[in-house]
Amino acid sequence: MNLLRTYILPRILQWALVIFVGISATFLIPRLSPRNPVDEMIGRMTAFASIDPHAVVSMRESATALFGLDGTLFDQYIRFWGRLLQGDLGVSFGNFPRKVSDIIAAGLPWSVGLLTTTIIISWTIGVFLGALAGYFHNRRWSQFLERFVVVVYPVPYLITALVLFIIFGAWLQIFPIMGGSRGEPALTWKYISTVLYFGFLPALSIVIGAIAFRFIMAKALTTTEIANDYVQYAELAAVPKRKIILFYVARNTMLPQVTDLALAFGAIFEGALITEILFAYPGLGFVLYNAIYNADYNIIMGIALLSIVGVATAMLIIDLLYPVLDPRVRLR
Amino acid sequence: MANDVLRATIRDLFRFSLSFRFGSIILLLVGILLLLSFFSPFESDDRRVVPRNKPPSQEFILGTTGNGQDGFWLLTFAIRNTLMVSGVAVLIGRSIAVMVGMITGYLGGKTDRVISSIVDSIIVIPRLPLLILIAAIMQGEMTVLSLALLLGILDWAHPSKRYRAMILSLRERDFTHTAIFSGMNAVKVVVQEHLPFLIPLLLADAVAGFLWAIGMEVTLSVLGLSDLSAPSIGTLIFWGNYHHALLRRRVWILAAPIAASVLMVVGFYLVSLSLSEYLDPRTRLSRLTMEE
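As they're listed, the protein sequences go chains Z and L.
Taking the working numbering, the leading residue of the first sequence gets 9, the next gets one more, and so forth.
Taking the working numbering, the leading residue of the second sequence gets 7, the next gets one more, and so forth.
The hints are simulated quantities; they were obtained by calculation from the structure and are not laboratory data.
Keep in mind that a hint or two might mislead.
Stated by the list, open to error - Computed far set for chain Z versus chain L, every beta-carbon distance over 12 Å:
#1 P184
#2 R259
#3 G293
As the list claims (entries may be wrong) - With a Cα cut of at most 25 Å, we get these calculated SDA-like pairs of lysine to any residue:
#4 L/K194 with L/R179
#5 L/K167 with Z/L333
#6 L/K60 with Z/I175
#7 L/K194 with L/L208
#8 L/K167 with Z/A272
#9 L/K116 with Z/I16
#10 L/K116 with Z/W23
#11 L/K167 with Z/I27
#12 Z/K251 with Z/F144
#13 L/K60 with L/L234
#14 L/K167 with Z/I224
#15 L/K116 with Z/I27
#16 L/K116 with Z/A24
#17 L/K60 with Z/W179
Cβ coordinates follow ideal geometry from the N, Cα and C atoms, glycine included.
The shape of chain L in the complex, shown without the other chains (with noise of 0.2 Å):
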């Protein structure tokens, strides 16, 4: 049944959504050269398997690097850390905003007082300077799971406010009210009456999370401040930068990482742009008088 729900939504998305069509085409693509990685010839850390400092040809397409590695195939190895980073920093973001969210806008009263203002004071933290901070704290020893979960622990109050207000208004919706008063217990009503509820939004809200979390990924790499052994799109650019690509003019060094990191935030953005165009119940009105 869900199955058929949900095929049935992404037949209608890739119909109507020019920009849905556009980012699932973009991200499939980004997919297959996650995939690839797997089938790599080399090992994300060998060096000096292939000539160095090549520019594209038809033996290497994205050039070689200075450390005598395939671009191509590095490349492949940066894009499934760099997701790989941001799914898992997503995944413990959206818990703990879901969590928090769902505990202040179901209990209310004074536990919902305590913990806002909590999570207004941690919203006017900024953030990126304390990552900064943590990150230098760590340094040498950041590995790029402890990295995913850095940014997952940071990235849950603005998303935790969302799902808190959505809650209080299923709060006070019959049906609640009809399972309380049939014995459910707190726990059991907000998993199984009010999560269903929150899931699109939560859709959307995680695409946003991974555009947030890429964004991150690279820069902390770019500044030098991740685990700078794995590659990943932002450690490509370093070591790019490192290397003084552009002054030796070796610009598909640095090209093959920045076009990946824009291909991967463009697909994901249109993705959630369409997504949230189809969840927002008034472009729906229109779009059912346009079938007509």
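Extracted from the complex, chain Z is given alone in its bound form (with noise of 0.2 Å):
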């Protein structure tokens, strides 16, 4: 009970408080915008056709009724947290009347898909080779692999992402530059196979700049670790190094590892933005592209929910589960 109440319920706490406080800071920061959704759908609707004032008046004055935009700033979020708390993201205002959710779960899949799979691949050899090179550090191959990533892990994710569509897409044009798949989507493998060889480039993209990161970090708590004087004790006990490197000093490194690994997870649900923007691959982070550039403020509030949600639970998962996972953290 005392656990309950001293660890538990306070980290319960400070998760409502930071998703509270994240959506309503997303519900404002639109609004201060000078751009008038309501305006832009009605100048899209008169461009090609002249229509009576008198209905535009009214088709203006339902819009925003219709959008949640009526009212003062306060009678608004009173709403929107009203039909959020029964699970009404409402309607797009640029794809006029389809659904948020629609359009978020129409992007979702693509999201997850590239994601978990670049995460998993990126973690598992970034952890592996950085532990590996941190043991081994005085080798050859280690050093130069060091260099190396020392030259790629500063260099920013959209330049790398460029470097690669110019290389592979515009001069090789052995990958596609563009889109998600091609045909009717059906489980069979012709056409999961374009769904991999359109991804292949995108997760290249993220995967590359995610290794050296990860690699970077798994070395330097190697180093750290293998100065312990277990690790001496085990090489003169003719450990085999195999075991050492995986059961021992691995293990003791996880716990930074896993919080990474859990908060990767947790932001998912942003998508990949840069990558998807630049390989216009149908995510969701080229949707909330898109909808920040025709001022689509429920679909970024759709996204921005589900990214800080998940950031935030992310969080909250690893806070409880860190005394389970490493006996020395202690409650306090």
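Two independent chains are provided; combine them into the complex using the hints.
So this is what it looks like as structure tokens:
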């Protein structure tokens, strides 16, 4: 009972507070924009046809009410929470009258698929290579690997993606540079192979930087860890090196790595913004980018909501799991 | 005195750290390019001053653009603007971070809990979408300076937590109590007694801030969300894409800014790497044994 009150409850409260503040901020920021989505929609509708001015006025009124943009900011805010708690995210302004939840549901599988794959690949390779390079830090191959990573790691993500785009997409033209797949979605190898083919370059652009980051972290953690006496003892006791690295050293460095893994999964709902924009990949990041351009508040809100809840929940789970994962973390 | 220490530190770094040697040489090169921008024969917004779309040659080392600008001199302006944006951003971000870190770390208690949970909430908000959102709202009105301000305002939450942790431990040291008991007020204690301890951390952190700010400047500009009339690494790439440099096989227009951005970040990263290695007491020990 004491555990619940002193450890679990405050963290759940913090989780709720973080989500509340985050959502309120994302509610407010787009509304500071001088651009009015109602005007933009009416502008689109009247661009090619002349409409009776009275009709335009009544259209504006009904659109404002429909978008939930009537009344004072505070009224909107109260109504927004009311709708949200009923699970209603509203309609898209840009793709009226499609529902926000439908649009998000269409983008979600792309982002989840792309990011789950890349996170798992880069995390595993990075941790493994980093631990090896940290343990054998005097070998030539590990020093070469480190120099290579040191040059790759700081390069902005967009530049990596752009260089891949230029070399493989535009110059050699061996990979497609737009879209997520070809043909009708179906569970056939023909369709799935196009998904893999279209996803390869976006995935590669994410994996390169992510492996470099994970490698640097794993190597630093391992270098610190092998200074411990128990490693020397294990070596003197002729424990196989493979066993020392995998079962003793790597295991002791897992805590921050698992934290990052969980945070990365929590952040999936943001989509891979830059990659998706650059390769016109139909995931959540691309949806978000278009929504920002069209002042489509409801979609921005919907994606922000998912990503804030995702990250905050991941943090909560880690916090709650810490004492279980590592007995050295004492409950205080 | 302080000058001597600094000089000795830099000499040591140069002698013992390979990454510092390479990093500082790269940054020196970038610095020279930046300074050259002040001696450019053209203004940054001059157009049609040289033949258009010429590939690199002896006359035009980095070729010329579709607007008739000299690629090399344009690049020097771009480096200057990008470094200015990230420099101002780092300055603003670290100032806020130091202040927040000092207040929460030193005062502790309720103030600390309230501010810390606000900081935690801010950390959760994804920064890149937020940046794109604000930049899209300000479209057309974004200047080099407002971009710098914006980046600075968004980059303080993480570092402030590191400074807070440092101040938390400094507060428990004996000299803090001595200072308080001898009648020093809180502001003086923090600024005169604790700030000097933060400076090394601040230095390594500032370089990391540069990396982030350069990356964001490039990203926002390539997406067309910054001041596109001012040359910067990102806007050069944006205009290259805009004029279909790839389709028309004018690779040099894109290659120069991409190479420059890679040089800049690698230079900064190598220096920060050597700095944090130098500041780490454990590696300092191994360095001392090496010298013997």
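Q. Are the Cα atoms of L/K116 and Z/I27 separated by 25 Å or less?
A. holds, 21 Å
(Q) Beyond 12 Å on every Cβ pair: is that true for Z/R259 relative to chain L? (A) holds, 22 Å
Q. Is the hinted pair L/K116 and Z/I16 satisfied, with a Cα-Cα distance of at most 25 Å?
A. Answer holds: L/K116 to Z/I16 is near 20 Å, not above 25 Å.
**Q.** Pair hint L/K167 and Z/I27, alpha-carbon separation not exceeding 25 Å
**A.** Roughly 20 Å separates the two Cα atoms, so the pair holds.
Q. Is the hinted pair L/K60 and L/L234 satisfied, with a Cα-Cα distance of at most 25 Å?
A. holds, 23 Å
Q | Pair hint outcome, L/K116 versus Z/A24 [Cα-Cα no greater than 25 Å] | A | holds, 19 Å
**Q.** Interface exclusion of Z/P184 relative to chain L, criterion Cβ beyond 12 Å
**A.** holds, 15 Å
Q) Per the stated criterion, does the least C-beta distance between Z/G293 and chain L lie above 12 Å, as a non-interface residue requires? A) violated, 8 Å
(Q) Between the alpha carbons of L/K116 and Z/W23, is the straight-line distance 25 Å or under? (A) Given that 25 Å is the threshold and the Cα spacing comes to 18 Å, the pair holds.
Q.
Holds or violated: L/K194 and L/R179, Cα atoms, limit 25 Å.
A. holds, 16 Å
Q: Mind checking the alpha carbons of L/K167 and Z/L333 for me, to see if they're no more than 25 Å apart?
A: holds, 24 Å
(Q) Does Z/A272 sit within 25 Å of L/K167, going by the straight-line distance between their CA atoms? (A) Distance ~20 Å between L/K167 and Z/A272 Cα, so the pair holds.
Against the hints set out earlier in the document, a violation occurs for number 3 only.
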